[in-house]
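Which chain is which? The protein sequence lines are X and R, in order.
First residue of the first sequence? That's 1 in this note's numbering, and the numbers climb one at a time after it.
First residue of the second sequence? That's 114 in this note's numbering, and the numbers climb one at a time after it.
Keep in mind the hints are simulated off the structure, nothing from the lab.
Idealized CB from N, CA, C, for every residue including glycine.
Be aware that one or more of the hints could be misleading.
[Stated by the list, open to error] Looking from chain R toward chain X, a few residues come up when the C-beta cut is under 8 Å (computed):
1. SER139
2. THR140
3. THR141
4. HIS155
5. PRO156
6. VAL163
7. PHE212
8. ALA214
9. GLY215
10. THR217
11. THR219
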Amino acid sequence: EADIYQTPRYLVIGTGKKITLECSQTMGHDKMYWYQQDPGMELHLIHYSYGVNSTEKGDLSSESTVSRIRTEHFPLTLESARPSHTSQYLCASSTPYSNQPQHFGDGTRLSIL
Amino acid sequence: GQQVMQIPQYQHVQEGEDFTTYCNSSTTLSNIQWYKQRPGGHPVFLIQLVKSGEVKKQKRLTFQFGEAKKNSSLHITATQTTDVGTYFCAGEADYKLSFGAGTTVTVRA
Chain X
1 EADIYQTPRY
11 LVIGTGKKIT
21 LECSQTMGHD
31 KMYWYQQDPG
41 MELHLIHYSY
51 GVNSTEKGDL
61 SSESTVSRIR
71 TEHFPLTLES
81 ARPSHTSQYL
91 CASSTPYSNQ
101 PQHFGDGTRL
111 SIL
Chain R
114 GQQVMQIPQY
124 QHVQEGEDFT
134 TYCNSSTTLS
144 NIQWYKQRPG
154 GHPVFLIQLV
164 KSGEVKKQKR
174 LTFQFGEAKK
184 NSSLHITATQ
194 TTDVGTYFCA
204 GEADYKLSFG
214 AGTTVTVRA
């Protein structure tokens with residue numbers, strides 16, 4: 001099993017709060033990703049990174065922001081949470097080469113009241 | 114941009130029966146990957162196909178990559194309750210991996 005960790009696993013919080021979802025991997029992977037997924041639905045890529053100091057927006061517009069100061073760490077931040085942000089957030093990583101799979105964390109289930 | 118379409122969206126299968134899920138891309142792919150997500154879990158990599166016309170098997174699962182490298186299929190024989198989950202295909206082109214919407218499989222015992 002891949003060594004990629006997300007915290008917290010579950011978070012229920014009120015509207016307007018600032019939230020940071022943590023994602024860390026110990027595999028030394030350069031590429032990291034954040035996906036948003038509603039229950040039983042498709043994966044939407046919201047952010048990705050090619051390496052340190054690299055961040056790119058994904059296919060789905062998101063009000064969240066990310067940073068990549070260290071290779072192993074790729075946190076996602078919501079400055080002011082809203083009920084529309086309620087979803088599951090999945091972090092993944094891969095090597096920078098072609099033909100390589102993505103390794104997913106267990107996800108954070110976020111509920112905004 | 115690159116799009117990966119997957120059908121059907123839902124597959125209800127009687128235990129013991131076979132079924133197939135299909136994946137189609139609007140562009141030629143360098144490879145296609147398949148993932149399985151169990152209910153409440155996260156996607157887990159199953160297999161990757163790289164060569165045109167490639168066929169790979171994992172026990173009761175057979176994966177195929179089309180000759181034109183624009184489509185793929187996953188065939189499951191003798192479905193079991195352990196096959197429940199959502200199967201995603203993901204096609205890579207220009208170093209970018211795009212996921213299909215997934216086929217969610219339920220099994221009637």
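Evaluation of the provided hints:
{"no.": "1", "hint": "SER139", "in the structure": "violated (14 Å)"}
{"no.": "2", "hint": "THR140", "in the structure": "violated (15 Å)"}
{"no.": "3", "hint": "THR141", "in the structure": "violated (14 Å)"}
{"no.": "4", "hint": "HIS155", "in the structure": "holds (4 Å)"}
{"no.": "5", "hint": "PRO156", "in the structure": "holds (5 Å)"}
{"no.": "6", "hint": "VAL163", "in the structure": "holds (6 Å)"}
{"no.": "7", "hint": "PHE212", "in the structure": "holds (5 Å)"}
{"no.": "8", "hint": "ALA214", "in the structure": "holds (4 Å)"}
{"no.": "9", "hint": "GLY215", "in the structure": "holds (6 Å)"}
{"no.": "10", "hint": "THR217", "in the structure": "holds (6 Å)"}
{"no.": "11", "hint": "THR219", "in the structure": "violated (11 Å)"}
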